[in-house]
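Enquirer: Keeping their order, the protein sequence lines are chains R and H.
Numbered according to UniProt numbering, the first sequence spans residues 1 to 377.
Numbered according to UniProt numbering, the second sequence spans residues 1 to 399.
Relax, there's no trap hidden among the hints.
Which residues of chain R face chain H? A partial, calculated answer using Cβ under 8 Å:
1. Leu29
2. Asn34
3. Trp35
4. Phe105
5. Ala106
6. Asp290
7. Pro292
Rather than coming from a laboratory, the hints here were simulated on the basis of the structure.
Virtual Cβ for every residue (Gly too), placed ideally from N, Cα, C.
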Amino acid sequence: MSSRTIPPLLEPYTRLPPSTSLTLLTSVLSASTNWLVLRYLYAALASAGQQQDEASAESDVAVVLVSFLRDGEFWREGARRMGLDLRRLAVQGRFAFVDGLTELFAPPASQSPSASPSYPIRPARGPGAVPPRGPLGVQAPGGAPISAASAPTAASIPQTTVLDSPKLESVGESIKVQIRRLRTATQGQAQTQTQSPASVGSGLNGPRSAASSARAPPAAAPFGAAPAGGGAGSGRPSVSGSQQERKVLLIVDQPDVLLATTGVNATDMVNWVFGLREQVHSTTITLAADAPLVQSPTTPLEQAHASFLLSLAHQARLTVSLRLLDTGTAKDVSGVMQFTRGADELDDKTEDEHLEDKELLYFIAADGAAKVFERGT
Amino acid sequence: MSFRKRNIVLPNNSQKTPIPQPINAGIEGQLPLREVHSPITTSPPKAVQPSPGVRPSPIDGRATISTGASTLDKLLAGHAGLPLGSSLLLEESGTTDFSGALLRYFAAEGVVQGHQVHVVGVGEQWGRELPGLAGVADGNPDADISRPNFPSDRGLSDDGSLNSTTSQAAFCHIFDLAKRLEYPAGSGITYIPTVVNASSSSPFHGILEGIATQLRSDHTGRIHRVVIPNLLSPALYPPHACDPTNLLPFFHGLRSLLRQFSTQLSVIMTLTLDLYPRSTGLVRWAELLNDGVLELTPFPHLMDSLSTSTATSGGANTHEQPPQGLLHVHRLPIFHEKGGGGRPNDGEGDLAFTVTRRKFTIKPFSLPPMDGDTDAQQGGATAVGEGGNTSNTKINIDF
Numbered sequence: 001m002s003s004r005t006i007p008p009l010l011e012p013y014t015r016l017p018p019s020t021s022l023t024l025l026t027s028v029l030s031a032s033t034n035w036l037v038l039r040y041l042y043a044a045l046a047s048a049g050q051q052q053d054e055a056s057a058e059s060d061v062a063v064v065l066v067s068f069l070r071d072g073e074f075w076r077e078g079a080r081r082m083g084l085d086l087r088r089l090a091v092q093g094r095f096a097f098v099d100g101l102t103e104l105f106a107p108p109a110s111q112s113p114s115a116s117p118s119y120p121i122r123p124a125r126g127p128g129a130v131p132p133r134g135p136l137g138v139q140a141p142g143g144a145p146i147s148a149a150s151a152p153t154a155a156s157i158p159q160t161t162v163l164d165s166p167k168l169e170s171v172g173e174s175i176k177v178q179i180r181r182l183r184t185a186t187q188g189q190a191q192t193q194t195q196s197p198a199s200v201g202s203g204l205n206g207p208r209s210a211a212s213s214a215r216a217p218p219a220a221a222p223f224g225a226a227p228a229g230g231g232a233g234s235g236r237p238s239v240s241g242s243q244q245e246r247k248v249l250l251i252v253d254q255p256d257v258l259l260a261t262t263g264v265n266a267t268d269m270v271n272w273v274f275g276l277r278e279q280v281h282s283t284t285i286t287l288a289a290d291a292p293l294v295q296s297p298t299t300p301l302e303q304a305h306a307s308f309l310l311s312l313a314h315q316a317r318l319t320v321s322l323r324l325l326d327t328g329t330a331k332d333v334s335g336v337m338q339f340t341r342g343a344d345e346l347d348d349k350t351e352d353e354h355l356e357d358k359e360l361l362y363f364i365a366a367d368g369a370a371k372v373f374e375r376g377t
Numbered sequence: 001m002s003f004r005k006r007n008i009v010l011p012n013n014s015q016k017t018p019i020p021q022p023i024n025a026g027i028e029g030q031l032p033l034r035e036v037h038s039p040i041t042t043s044p045p046k047a048v049q050p051s052p053g054v055r056p057s058p059i060d061g062r063a064t065i066s067t068g069a070s071t072l073d074k075l076l077a078g079h080a081g082l083p084l085g086s087s088l089l090l091e092e093s094g095t096t097d098f099s100g101a102l103l104r105y106f107a108a109e110g111v112v113q114g115h116q117v118h119v120v121g122v123g124e125q126w127g128r129e130l131p132g133l134a135g136v137a138d139g140n141p142d143a144d145i146s147r148p149n150f151p152s153d154r155g156l157s158d159d160g161s162l163n164s165t166t167s168q169a170a171f172c173h174i175f176d177l178a179k180r181l182e183y184p185a186g187s188g189i190t191y192i193p194t195v196v197n198a199s200s201s202s203p204f205h206g207i208l209e210g211i212a213t214q215l216r217s218d219h220t221g222r223i224h225r226v227v228i229p230n231l232l233s234p235a236l237y238p239p240h241a242c243d244p245t246n247l248l249p250f251f252h253g254l255r256s257l258l259r260q261f262s263t264q265l266s267v268i269m270t271l272t273l274d275l276y277p278r279s280t281g282l283v284r285w286a287e288l289l290n291d292g293v294l295e296l297t298p299f300p301h302l303m304d305s306l307s308t309s310t311a312t313s314g315g316a317n318t319h320e321q322p323p324q325g326l327l328h329v330h331r332l333p334i335f336h337e338k339g340g341g342g343r344p345n346d347g348e349g350d351l352a353f354t355v356t357r358r359k360f361t362i363k364p365f366s367l368p369p370m371d372g373d374t375d376a377q378q379g380g381a382t383a384v385g386e387g388g389n390t391s392n393t394k395i396n397i398d399f
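Next comes chain H alone, as it looks inside the complex (with noise of 0.2 Å):
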């Protein structure tokens, strides 16, 4: 992935200290505190919903957590969040670590709002490498869900820039990738290494162990996050970890205990679907133990060409990143769970995934306009408002 300098406007708080806040439900839609400013509205008595980043689902009022990227909050099938209590298992086929860019905004967002990252397998290398704070990613949720087409989304999501009520409780950030985060005082993430050993045990049983005894041993009632990058990776797990009778009742562990503590806990894993391709039972059953399956698969060759047609292409389109990807929604939690299927969110068919450095923008996809020919670039671009010619513009997703 490039990432290339553009004028980008700095937020305002970028330099804000990232205090948790705490969100509180029942008068969030009364909004007496919206304007009133972060160290009035962090007064610690608030013991209603004491956990910073967390926010009813619109749908059904449980708690739900952001992952970092605002479009794949956006995706879950309305809940405007991950809710609590489950788990995403991200796959991503070919070389590429997109997949790996999204865990990363995950636990960022979590060390952010003040939840307990735990990361699985990786050093603390992978800790230090997480992006910076750049400001808080569209504050004002409701006001999406309840007007499906507010005019302001598209400015909003895109240039990242603040509305005017980011002084309550962020729920998503924004993150850079080019920056490193800086830990707030008093957050860390916790490791929970594999154990490589010779022995024929399986490798994930001390993993759930680790994650079971920091659960129950945590009795304030914070939120977290657990993070296993690149499961199975040779480079990281021991050969016999994918033999099923490890694997998948480590999965089985993990969605006991995500429905034991569903106020607590979520976790996000990414798996090389080169490594483990989805036709084998091994990994169809991997997905049936996760909540919801997420699959990437990048475009090997585009890539290149596409993006040297924007740089060329001038300044109007340079708020449209060419889509690096194509993302599959398999399953998502609640929903599918329910017995729903077919198409979870009102989009047109396809997705495409775009990671800048700053945002991992899900959006649907459309072929763009060959290089060269400015009569449809041009025209594209003015059929915006008219909706005569949808197909060759990129529509946010709305709910």
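So here's chain R without its partners, still in its complex pose (with noise of 0.2 Å):
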């Protein structure tokens, strides 16, 4: 189990970060971090997963993953392989995906919503699963399809949202209806457990009341506004949940896609992160930092890339660079990783000193179990 979740030497890298912090994991071609990234999703809801009572609900956290690479079904197994179930924690209303692989850029399935079973990831489109604000382009369908089928209740909940758009203003809107449902998600989990019947009742009619589930607690509660008055009002409120914000953690799997993709200005872009960053509690983002992106840099692909990377690494608390070894390969190393604390951090040495530069060797087994250790051991 311990080699299978967050290596002892990992730990203090994991850990809740400070509010509004920033960390930044970077990965090149053959160094990805996805698995980085799901021990983050551990560390973040692991401990949250075991306790489900609602005294303790107060105080977890919940995380929004947005990939730009990845689907949901990847994250997923990943997760489960480390013994966090996505599903169950999006029922809960702890984690939330926003997919933006399967319909930025692919051409979205017709309308007939032909069901075959062969094809389990496309999203439904239902009658209902309008966007959630008018001129967004951001559709929410009727949660994922996968845990349509195994938690009933939790098909009212759009858990997933597909970006269509890859503008940024889209995209970000998007993100914020999930920050801003997860943070208030303790109402949102009493508007379930009453419409659920009224859902299993009416038969198919599912995505119409995940639509009108979804606009309700952003329009009930705003941002900024004391949640507790929004519930009230819908469903049982919650003994303790509804008094206190749930901290949101949000985590962007490399959104360096939409700049490479739209030719998107890199200002917009860290405007784009800060504009997402004032939602959440900390942020964790990863990019590609391959060196014909970052070194010398002279399309514009490669200076906006590289413009970007660097403003968000001034920015970031922690820095997490994975590459490969330096010197060859090895069978039994699979790449460094390079922890590099933020201008701040260097400052402020009262409340993370558990930080420190370093650099460690990592290796990820077949069944995804990573290892992390120091040189030489």
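Reassemble the complex: the two chains are provided individually, in unrelated frames, and hints are given to aid placement.
Expert: This is the structure in structure tokens:
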């Protein structure tokens, strides 16, 4: 179990970071950050997943995962290997997934939802799955199809948002919708419990109630307002959960895809990230840091990427860079991870003295278990 | 590349009509049907896994298909095939077209297995030049995987002879580049053209649309193989195709389709590195958006001298073709996505490839002994069994 979860040497770095902080994870072509993202997910969600009573729910953490290169199934599978059930956490309102892969550029499925069982990941486009707000071009389909199969009550929450436009504004807005939903998820959960008999009774009408419940929490409790009043009217209010906002951790996996595919300005991307960071407790972002993209940038694509990466690296409290071994390949080493503290962190020794600049080796076994160790051990 | 005539015994069933044979994962291990001949094993009502040419990965059981080159299948991080729902980007420097041979194997394997093959950008002439079927490659993959040093492994893959287990559904075939593939009835290749108009719209939009339409209209669960030869070649694609805002959304959309149809679709493509070097951000993004990246680096001038050297060195060496280039593995499907890095295969460092008439062979690379150094050559040949001088010999990759 321990080898499948967080290696001890990694643990200081995956603890819940302080408020408003940014953690940057960089990867290269053959040293991806996926395993590390899964460890961050686990660190944030595993403790919360153990305790399900409502008294402890006020201190727990929710995670919004935005992924531009991987689909939800990949993350669910990886988390499942660590003993983390993302579907169940999504039902509990502790996890939300924003899918930036499936319909960002691929032609969308035609309107006829050919419910062939061989297409499991295609989002269901129910008649009620309208955009949560008018002009955004964002659809909130009726929950992940897989979770709908396993847990019927989960079908009424849009736990997965499928982005269908690469525009920064709409992407950011739909991420913020999920952040708000999770922050006030105790109300959302209560609504689910009251709504689920209705949606079950109306048979196939699940997506419609999904969309309505998706709109309800932001409308009732707009950002910044005390969420306690919003939830009280709609269901049985939680005893203590509505008293305090839940800490939301945002993980954005490779937002540089937006930079590369749309040619958007790097400054706009940085501002976009700022806008997201304002909404959450802390943010973790993964970026590619391959040499062609960063060293001696010449083309506009490279320049924008380097600029974006450097801006975020300067803001970051901690940068974790993954790369291959400099000296060749080895059978029992997958790569090197380098921890670098940000500029602010160097001044402020009081809070995070457990963070230190360090270089470690890691190895990912075939079953996904991660091992992190010092050089020479 | 030169195709020299060699004394090769033709396989027995080279004239066999390539009937798509269902491979049943569940009963493969028990093998009651192993010795039964194909007319019985191909009885249709075997609906458990109806797709021919699909095999579960020995690592995690996901469905894999063959690339048409058995040594390339073995290279793919132990999955013994290309996992469905993944893409492979083959890069090649120089003016040769070795990667095109791999593409043709991939397409021909698909035709033989009854898969739907989509060819992007080139005309039907490309499809007419697919290599002809010459036999079945190495039909006993389980033995290779469970017993790493299976002694007959070398013999099987080197001369392409058939072993006794080929009566079961074949996973990978041998193709002859000097022959032309005869299409089985009912199979075919669809050609998706590139739109070369002067408009500023993305030339890839139609391609993506075409692939998606084909996949969504296919309710039979057939395997689709998408082949994209010479991506971004100026002869096939308009100049604005290499704009990142055109090319990279195409890769992203392709990746999305691969994930949506993760049991039906696989994509393979080639890219010329001389036009689009790996040091550019564009190519790096193309690599990041693909699941597997292999780079072929042919030897520029060595090839002539090496081929003459083996021509003079007699019969003992005829089955050992000199390597024609180096193969670098930059990324492999599933393996690197999970976070693995370093050395995915337990091979000995560098890999080299050899294209012959019948095979695309990938082996660990070691420099051959100098021409005329007969002692070293014979020493290398005799020391194979003892393992004393293995640095001079070529060792097949085992997993």
